[in-house]
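S.K.: Chain by chain, the residues:
Protein chains: 2
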Amino acid sequence: MSLDITLEELQLAARNHALPLEALRHPVTPVGLHYLLTHFDIPLVDPRSWRLQIGGNVERPLTLGLEELKERPARTLAVTLECAGNGRALLSPRANSQPWVLEAVGTAEWTGTPLAPLLEEAGLGSGALEIVFTGLDRGIQGEIEHLYERSLPLSEALRDEVLLAYAVNGQDLPPQHGFPLRLVVPGWYGMTNVKWLQTITAVDEPFRGFQQDVGYHLRQSAEEQGRAVTRILPRSLMVPPGIPDFPARTRFAEPGSLLLEGRAWSGGGPVVKVEVSVDGGGSWTEAVLGEGVSEFAWHGWSYEWEAHPGEYELCCRATDSEGKTQPLTPEWNYDGFCNNAVQRVRVVVRSPSA
Amino acid sequence: MSLDITLEELQLAARNHALPLEALRHPVTPVGLHYLLTHFDIPLVDPRSWRLQIGGNVERPLTLGLEELKERPARTLAVTLECAGNGRALLSPRANSQPWVLEAVGTAEWTGTPLAPLLEEAGLGSGALEIVFTGLDRGIQGEIEHLYERSLPLSEALRDEVLLAYAVNGQDLPPQHGFPLRLVVPGWYGMTNVKWLQTITAVDEPFRGFQQDVGYHLRQSAEEQGRAVTRILPRSLMVPPGIPDFPARTRFAEPGSLLLEGRAWSGGGPVVKVEVSVDGGGSWTEAVLGEGVSEFAWHGWSYEWEAHPGEYELCCRATDSEGKTQPLTPEWNYDGFCNNAVQRVRVVVRSPSA
Numbered sequence: 001m002s003l004d005i006t007l008e009e010l011q012l013a014a015r016n017h018a019l020p021l022e023a024l025r026h027p028v029t030p031v032g033l034h035y036l037l038t039h040f041d042i043p044l045v046d047p048r049s050w051r052l053q054i055g056g057n058v059e060r061p062l063t064l065g066l067e068e069l070k071e072r073p074a075r076t077l078a079v080t081l082e083c084a085g086n087g088r089a090l091l092s093p094r095a096n097s098q099p100w101v102l103e104a105v106g107t108a109e110w111t112g113t114p115l116a117p118l119l120e121e122a123g124l125g126s127g128a129l130e131i132v133f134t135g136l137d138r139g140i141q142g143e144i145e146h147l148y149e150r151s152l153p154l155s156e157a158l159r160d161e162v163l164l165a166y167a168v169n170g171q172d173l174p175p176q177h178g179f180p181l182r183l184v185v186p187g188w189y190g191m192t193n194v195k196w197l198q199t200i201t202a203v204d205e206p207f208r209g210f211q212q213d214v215g216y217h218l219r220q221s222a223e224e225q226g227r228a229v230t231r232i233l234p235r236s237l238m239v240p241p242g243i244p245d246f247p248a249r250t251r252f253a254e255p256g257s258l259l260l261e262g263r264a265w266s267g268g269g270p271v272v273k274v275e276v277s278v279d280g281g282g283s284w285t286e287a288v289l290g291e292g293v294s295e296f297a298w299h300g301w302s303y304e305w306e307a308h309p310g311e312y313e314l315c316c317r318a319t320d321s322e323g324k325t326q327p328l329t330p331e332w333n334y335d336g337f338c339n340n341a342v343q344r345v346r347v348v349v350r351s352p353s354a
Numbered sequence: 001m002s003l004d005i006t007l008e009e010l011q012l013a014a015r016n017h018a019l020p021l022e023a024l025r026h027p028v029t030p031v032g033l034h035y036l037l038t039h040f041d042i043p044l045v046d047p048r049s050w051r052l053q054i055g056g057n058v059e060r061p062l063t064l065g066l067e068e069l070k071e072r073p074a075r076t077l078a079v080t081l082e083c084a085g086n087g088r089a090l091l092s093p094r095a096n097s098q099p100w101v102l103e104a105v106g107t108a109e110w111t112g113t114p115l116a117p118l119l120e121e122a123g124l125g126s127g128a129l130e131i132v133f134t135g136l137d138r139g140i141q142g143e144i145e146h147l148y149e150r151s152l153p154l155s156e157a158l159r160d161e162v163l164l165a166y167a168v169n170g171q172d173l174p175p176q177h178g179f180p181l182r183l184v185v186p187g188w189y190g191m192t193n194v195k196w197l198q199t200i201t202a203v204d205e206p207f208r209g210f211q212q213d214v215g216y217h218l219r220q221s222a223e224e225q226g227r228a229v230t231r232i233l234p235r236s237l238m239v240p241p242g243i244p245d246f247p248a249r250t251r252f253a254e255p256g257s258l259l260l261e262g263r264a265w266s267g268g269g270p271v272v273k274v275e276v277s278v279d280g281g282g283s284w285t286e287a288v289l290g291e292g293v294s295e296f297a298w299h300g301w302s303y304e305w306e307a308h309p310g311e312y313e314l315c316c317r318a319t320d321s322e323g324k325t326q327p328l329t330p331e332w333n334y335d336g337f338c339n340n341a342v343q344r345v346r347v348v349v350r351s352p353s354a
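Chains C and D are the protein sequences, given in the same order. Throughout the first sequence, residue numbering follows the working numbering, covering 1 to 354 in sequence. Throughout the second sequence, residue numbering follows the working numbering, covering 1 to 354 in sequence.
Hints may contain errors.
[To be verified] A few chain C residues that face chain D, going by a derived Cβ cut-off under 8 Å, partial list only:
id, residue
1, SER2
2, PRO20
3, LEU33
4, THR38
5, SER92
6, ASN96
7, THR113
8, ASP172
9, PRO174
10, ALA248
11, ARG249
[As the list claims (entries may be wrong)] Heads up, incomplete: computed chain D residues facing chain C, CB under 7 Å, no partners named:
id, residue
12, SER2
13, ALA14
14, ALA18
15, GLU22
16, ARG249
17, SER353
Just so you know, these hints were derived from the structure itself, not from any lab. Bear in mind that the values here come from a model prediction, so they are computed numbers and not experimental data. Virtual Cβ for every residue (Gly too), placed ideally from N, Cα, C.
One chain only, chain C, in its complex shape (with noise of 0.2 Å):
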């Protein structure tokens, strides 16, 4: 299968990286391995001179260095990260823009102050109704420069787990992941967590910025509005059993009893259910499912299958509690987001050796 790829797609793909499956075997990935997508250029941040400013519809709008953060409440979440345009290169016609296939996701330690108590204290206007959060990354997009900013609803922004993050796994943030500050909002798409955070402000009408009014939105056409990303549809995926060809990525596996494991996740509520196929998503058997890494990351599932020799297409597929699933074929959208459709993994199991 050849791609119409551009060029500028591809420097985009080497930039960005996605979480190489083998690496679903650790529960919380390791800085590195974890997807990363940046639309614009990493800055660079002395965090000397670095100041969160809290204001917008607020009574007594605050601004706070990195260590006055560090010393308020503290709290430490695993969360599971999805890109929304994870899957887009397996959509036909294909948006231009980051290409990946099926991978762009982590589930990382995230430590930080929660968000609500701050916004208490800067006290919100009786008129507020959405919270911006503007990043320090600057680009054109759409043929419209602007800092990288998102909102959420008052709803969202409250919620206990919604973090300001300082360090992830233990460590000080990257500064690919947002040093000195990001935004974690658990169970949305990863376009929520804004990295690199220099302002919050609190706003009496609907943010209308880029990356929320035009950009992030399920469309069929240019033209179209659309529906809006918000949560993380249901997925898994499997660490691909056997060895790979380089660079043919197909598997090869030796018969007998193979371990097929994996992650699976969804924004929408708990994974309640991880079944297997090994005929392309013909017939399915339902594998044993692990408790979330946390309430808010991935859950471990794996599934003993007996391996004859031949070749296959292994699949798996997500359930969540709201029991929405994953398609077999992707629902194409004109950018090309939230294609949850089932990983397909081809493997070859060898005859046994003569």
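Starting from the known structure of chain C, fit chain D onto it as the hints suggest.
M.R.: Here is chain D on its own, set in the frame of chain C:
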């Protein structure tokens, strides 16, 4: 410009990643921004049961655990590593492999114990010709199943600065960089620096494994043996100035004094000159060249550009102490190695706002 990329190559581009060019600002690349190439899968290693075996033509074979290695004399070296396939996607026709653009590089501070004293302790036999380094990563390439392994001639293996590294930037190696132990050979392309080491073997005949004898050769056709890839050719890269368009990657800058900056390196000798062109390589001016981050790492460089409104193609070009310099156009070879042609960055300098 559209590229004919296979889905398998795109999967490689998603798994592996290059240095986002703005991260050239860091003299030492943060973990997660350093380039990464893994042929097969990243092994999951239990450090308690892991052992390094040193054997072959030695008088006293050694078996060493991780703690024993850490108790030996330690040395920390900042080393620039670059993938031999860097620049491959800019060649035409292009080998089917990891489709790097031009930023598969990074500089890290590797901490480990020097190899030479260990080989001395093991006592090399008089016939020993090469040292073979074998990783734990297994797969298929060129239709041959093998563990990733490479050899070095004794003269290279016994250099003072060749390390068995167990830490990077002051931390235990993350899985993707070779946990628990990897080889670091300053000056040589990345493929030399075997990750997930399990055995080190002294051999009396030239090693003929796939990655040594077939892979990593400069050849004009599949049939030709070609010339082995060894040391890193000179290269310079710049931080693209201004702000980017997502996803077109064109840069936009304001008129006036603009500091162009970047890094330059060579495995053949220190970089002695970096030149900058603002007209696509038509004319060149010498940049200010800084000291190397270490004897084995890249140099910073900078150039103050008086930018007037218009469209430009910025280039930079490094020359090393051996007189080797970067070509303006790639030197084609069948597998797409060692393409160190100059970087070209398209910049639009905008007219002053009315």
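S.K.: Less than 8 Å between beta-carbons is the criterion; does C:SER2 satisfy it with respect to chain D?
M.R.: Constraint on C:SER2 satisfied, holds at 6 Å.
S.K.: Checking hints one by one. Is D:SER353 an interface residue toward chain C, by the C-beta closer than 7 Å rule?
M.R.: For D:SER353, the interface hint is violated, since the closest Cβ of chain C sits about 11 Å away, which is over 7 Å.
S.K.: Holds or violated: the hint that C:ARG249 contacts chain D, with Cβ atoms closer than 8 Å.
M.R.: 5 Å, holds
S.K.: Hold the hint about D:SER2 up to the distance rule: shortest CB distance to chain C must be less than 7 Å.
M.R.: Holds - the Cβ of D:SER2 comes within 7 Å of chain C, reaching about 5 Å at its closest.
S.K.: Per the CB criterion, is D:ALA18 less than 7 Å away from chain C?
M.R.: 4 Å, holds
S.K.: Min Cβ distance, C:THR113 to chain D: is it shorter than 8 Å?
M.R.: 23 Å, violated
S.K.: With 8 Å as the cut and Cβ atoms as the points, is C:LEU33 at the interface with chain D?
M.R.: 6 Å, holds
S.K.: So, as I understand it, the hint says D:ARG249 touches chain C; can you test that by seeing if any CB pair is closer than 7 Å?
M.R.: Holds, because the Cβ-Cβ distance from D:ARG249 to chain C comes to roughly 5 Å (cut-off 7 Å).
S.K.: Grab the minimum C-beta distance from C:PRO174 to chain D and call the hint holds if it beats 8 Å, violated otherwise.
M.R.: This hint holds: C:PRO174 lies near chain D, its Cβ roughly 5 Å from the closest one there, short of 8 Å.
S.K.: Regarding the hint that C:ASP172 lies at the interface with chain D, is the smallest CB-CB distance below 8 Å?
M.R.: 10 Å, violated
S.K.: Hey, does the C:THR38 contact hint survive, CB to chain D under 8 Å?
M.R.: 7 Å, holds
S.K.: Let me know if the C-beta of C:ALA248 comes in closer than 8 Å to any C-beta of chain D, holds or violated.
M.R.: 6 Å, holds
Violated hints, listed in ascending order, are 5, 7, 8, 17; each of the other numbered hints is respected by the structure.
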